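Respectively, the protein sequence lines represent chains V and U.
Residues in the first sequence are numbered consecutively from 1, following this note's numbering.
Residues in the second sequence are numbered consecutively from 268, following this note's numbering.
Worth flagging that the hints you see were computed from the coordinates, not collected in a lab.
Just so you know, these numbers come straight off a predicted model, no measurement behind them.
Glycine included, C-beta positions come from ideal geometry on N, C-alpha and C.
Don't take every hint at face value.
Unchecked claim - So the derived label-pair ranges between C-beta atoms look like this:
| id | chain 1 | residue 1 | chain 2 | residue 2 | range |
| --- | --- | --- | --- | --- | --- |
| 1 | U | 278 | V | 126 | 31 to 41 Å |
| 2 | V | 95 | U | 307 | 14 to 24 Å |
| 3 | V | 39 | U | 305 | 46 to 56 Å |
| 4 | V | 168 | U | 307 | 13 to 23 Å |
| 5 | U | 280 | V | 96 | 48 to 58 Å |
Unchecked claim - Per the computed footprint, the stretches of chain V lying under chain U, defined by three or more beta-carbons under 8 Å from a beta-carbon of chain U, are:
| id | region |
| --- | --- |
| 6 | 7-18 |
| 7 | 29-38 |
| 8 | 121-127 |
| 9 | 132-139 |
| 10 | 143-156 |
| 11 | 181-195 |
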Amino acid sequence: MNLFRNVVFVAAIAGLVAGVVLACMQAYATVPLILKAEVYEQAGGGHHHDHGAAPATTETGAVSTAAPAGNAMSSAAPAAEAAAPAAEDEGWAPADGLERFAFSVLANIVTGIGFALVLVAVSEFAGGVGNWRQGVFWGLAGFAVFTLAPGLGLQPELPAMPAADLLPRQIWWSATVAATAIGLGLIVFRRSLPLTILAVLLIVAPHIVGAPQPDSFETPIPEGLHHQFVVAVTVTNLVFWLVLGAVVGVVRGRFTGTATSLRDSFA
Amino acid sequence: MTTATVSLGASVSSQSRFMQLALAALLGIFVVGFVGFSHIDAVHNAAHDYRHSMAFPCH
């Protein structure tokens, strides 16, 4: 299991570095927008966490009639109860401030290592990331697969924004990631026209099927705030993936003893 | 399928290479899935800001 150990080692370093970078970017770019949105969320009648069942329970009392059938949140209350005060059963949550930030940093590092494991393992199949520059290209691919493609159908959402049931969205998200990854792989590593056409079809297909959408887009969140959030999420993720790929390239280069020189050509 | 190759500084047979890399990728997918997709309330709340900031389907 030497290879496995080495993959984990490279991924751990890259994930740690990229995760810390992402957490810092989030602290300035995305988290303040989430906190702003939570003000609207609380003003709009409680902290309802099952938006799929309760699109915009506004002061008019116009609760959606959409049946919360098969709502993915197992403990999710029906729409009528979702308008209840914030004291609903949501389980443990970190205290606002330092504790909340600390858990965000932890989540960033842990998933950073997770994404790095996927990136390192997949790139090893293709011969490995030779240097930081190749790593940047692998990072671009990761950004396209994990941020761009699913983000087209399911835009980054703020608290209090309506969305379809959780499980169908998670399934669409995962399927889109898989289809895009396979598509990109076919384009880059199988130099054949029919396979490239198949790849384009694979990449386009999830968007023809379409992501699960909410019944109503009504939300107390201002359009401008949401737009700002979409830009912030997309850009911070881009930087995260570029850093992740580049660090994988550097660490792997040190590891295998090959030069990480600028002159090493791509692919 | 038993050709020895050097991958990431380790010499392995192609079959073992495939297994180890697949295992690493699966571990990564599991880690991301647990933090980003888990329906357990405590996990969701702990990683709440992260999930929103990564555009994971949330809530």
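Verdict on chain U covering the region 181-195 of chain V, where coverage means 3 or more residues with a C-beta closer than 8 Å: violated (count 0)
C-beta pair residue 39 (chain V), residue 305 (chain U): status relative to the range 46 to 56 Å that was hinted: 27 Å, violated
Residues of the region 143-156 of chain V with Cβ under 8 Å from chain U, three needed, outcome: The restraint on the region 143-156 of chain V holds, since 6 of its residues have a Cβ under 8 Å from chain U and three suffice.
Within 8 Å of chain U's CB atoms, at least three CB atoms from the region 132-139 of chain V: coverage verdict: violated (count 0)
Chain U covers the region 29-38 of chain V, three or more CB atoms within 8 Å, holds or violated: With 3 residues in contact (Cβ-Cβ under 8 Å with chain U), the coverage given for the region 29-38 of chain V holds.
Distance restraint evaluation - residue 168 (chain V), residue 307 (chain U), Cβ atoms, bounds 13 to 23 Å: 19 Å, holds
Chain U over the region 121-127 of chain V, status - at least 3 residues with CB closer than 8 Å: holds (count 4)
Beta-carbon spacing of residue 95 (chain V) to residue 307 (chain U) - inside the hinted bounds 14 to 24 Å or not: 19 Å, holds
Outcome for the supplied range 31 to 41 Å, where the beta carbon pair is residue 278 (chain U) and residue 126 (chain V): 19 Å, violated
Cβ contact check, 8 Å cutoff: the region 7-18 of chain V against chain U, three residues minimum: Holds: 4 residues of the region 7-18 of chain V have a Cβ under 8 Å from chain U.
Beta-carbon spacing of residue 280 (chain U) to residue 96 (chain V) - inside the hinted bounds 48 to 58 Å or not: Taking Cβ atoms as reference, residue 280 (chain U) and residue 96 (chain V) lie about 53 Å apart, which means the hint holds.
Checked against the numbered hints given earlier, this structure breaks hints 1, 3, 9, 11; the rest are met.
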